[in-house]
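Undergrad: Quick note: the sequence shown uses the working numbering, first residue 829, plus one each step.
Since the hints were made in silico from the structure, they are not lab data.
A couple of the hints might just be wrong.
Computed cross-link-like contacts, DSBU-like style, restricted to lysine-lysine with a CA-CA straight-line distance of at most 35 angstroms [what the hints assert, rightly or not]:
(1) K831 - K852
(2) K888 - K858
(3) K860 - K831
Note that the coordinates shown come from a computational prediction; the quantities given were computed from them, not determined experimentally.
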Amino acid sequence: MGKRRFNTERTQAGLQFVIPGTEKPAEMPKRKYARDGSQLVIPGAEQVNTRTLLDRIASKPLRSRAGQSGPAGTPLFRGVRSR
C-alpha cells in the first residue's frame, strides 16, 4: 500500500478529504496597540521623554565611529585594519 495522498478531517459536514497544501492557515494572534488620543501607536515608535532617551543612549556601549590612526598613517593599535 502506497503513501496516502490525502489527509482526512472530521467537520460538521462529516469526514472530509484535505489536499496537502490547502489546509486552513492558523489565525494570527490579535495585537493590542497603545493609544495616543484617538490614534494607535506602533510598538517601539511611542514618544519617550528626553531623560528616558538619554538613559537608553548612556546604557549602550561606546564604539568608535572612525578608525584611529597614529603618526604617519600607521595604526594606533595592533590588529586594527585601516579603511
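Undergrad: Does each hint hold? Answer for all of them.
TA: Status of each hint after checking the structure:
1. K831 - K852: Holds, at about 22 angstroms.
2. K888 - K858: 33 angstroms, holds
3. K860 - K831: 44 angstroms, violated
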